[in-house]
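Residue numbers (the working numbering), protein chains in the order written: chain A, 1 to 333; chain B, 1001 to 1119.
There could be a bad hint or two in this list.
Here are the simulated DSSO-like cross-link-like pairs (lysine-lysine), alpha carbons at most 30 Å apart as the crow flies [claimed, not checked]:
{"no.": "1", "chain 1": "B", "residue 1": "K1041", "chain 2": "A", "residue 2": "K77"}
{"no.": "2", "chain 1": "A", "residue 1": "K193", "chain 2": "A", "residue 2": "K6"}
{"no.": "3", "chain 1": "A", "residue 1": "K77", "chain 2": "B", "residue 2": "K1004"}
No lab work stands behind these hints, which were simulated from the structure alone. Quantities reported herein were computed from a predicted structural model and do not represent experimental measurements.
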Amino acid sequence: MPELRKDPILGRWIIIARERGKRPTDFIIEDVETKGGFCPLCPGNEKTTPPEVLVYGREPGMPPNSSSWRLRVVPNKYPALVIEGDLDKQGEGLYDRMNGIGAHEVIVESPSHDDRFAYLPHEQMILTFRAFQERIRDLAKDPRFRYVMVFKNFGKAAGASLEHSHSQLVALPVVPRMVVSELDGSLSYFKYKDRCIFCDIIRQEMQQNVRLVCENDEFVTLTPFAPRTPFEMWIMPRRHDSSYIEQADHTLSSLTDIFSETLRRLDACIPGIPYNFVLHTQPLRSSPLEHYHWHFEIVPKVTSIAGFEWGSGFYINPMPPEDACRYLREVEL
Amino acid sequence: MAEKKILLVDDEEGIQLLYREEFEDEGFSVTSAYNGEEALKLFREDPPDLVILDINMPGMNGIEVLRQMKEMKPDLPVILSSAYQEYKQDFGTWASEEYIVKSANMDELKAAVHKYLDD
């Protein structure tokens, strides 16, 4: 029997198409030929990128934009939004518009072209999480921006146009609809229960232990109750906090550990699986929110979205999250 | 002084005629290629001083052509010229010196060519 499940935060319904009985081996991942050759993100090609806005690990005495680095953040060379100018918000009848102002940056996560994020050593991966914090803090100083969306595309099917391991962030003059929906949904729950819904989810999932993939002292990885795709996972801090940028370095260290384990479990289940991840955190310059809880969402790209899905907002998922969790927990690393 | 050589890569005959006329009037020598394979062959045999490269072409697309050209000659300037903005989302375009959206006004393209070819 197929099942409809409701996301308790967003109020979004999804369909679990249970009788399709998928196993990890049933998800065919297209073999993507690695291109090799010239890569604009590799050391030695810094002049093909805009000047860096952040760098870690440059050897002392080496000039800016030289090839000695462990992590590098550069603006998008051909951005969809521009950083210069005013918002010039206007109404046109019932419609709203403003200038396309924003900042779009690329975080080059490793100097090595062939490194994959999931398998970076701890001391390299944590640099990415520190870079996210540092760039969000810097962009928060710009009063034009209301939100910074941090995301990663891994694999061609998930939108990655280059193999060299990288993630991105976009600073926006608006809070994205998806985040607004989470904020609204969690506030509604808070007004009703006087508790954070994310904290309640963590508590219940740990108690039920059927969608808990892995955990450490500061984080849990869950397959959510109403997942959009097979093997969708959320990484959530156990301790309530609405702001990613307020996290101390020991928390980023724990985050690195669980992120590494989570992605390696995913890759062990379906080798080479393309995925996206996003960071959801409170809007810029916001006071701490009792009702909201920062977290990462990892969404593998193994099913396609067609007319029914995008027209209705319903997702059809052939893999119950409990089954996905079992596969992820039981896989050998 | 020898004329600077432009390799113009575009599958559209109309673009080839227009650009050739404009840039020959500016004192450049223009060689044409109508697809990626032809472009790479010409690039190897008689390297130009600059490439103007379309993206959306049959067979090998311009971003792959760009990648291979930069593998051979990383310092040779390549200007991407496309009717479409959306290829900007492909980070492979970063290997180019400029990405110019095609329009009836060629001033931006001409300025870019002069930027890289004028002594």
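Against the structure, the hints come out as follows:
no. : hint              : result
1   : B:K1041 <-> A:K77 : holds, 28 Å
2   : A:K193 <-> A:K6   : holds, 18 Å
3   : A:K77 <-> B:K1004 : holds, 27 Å
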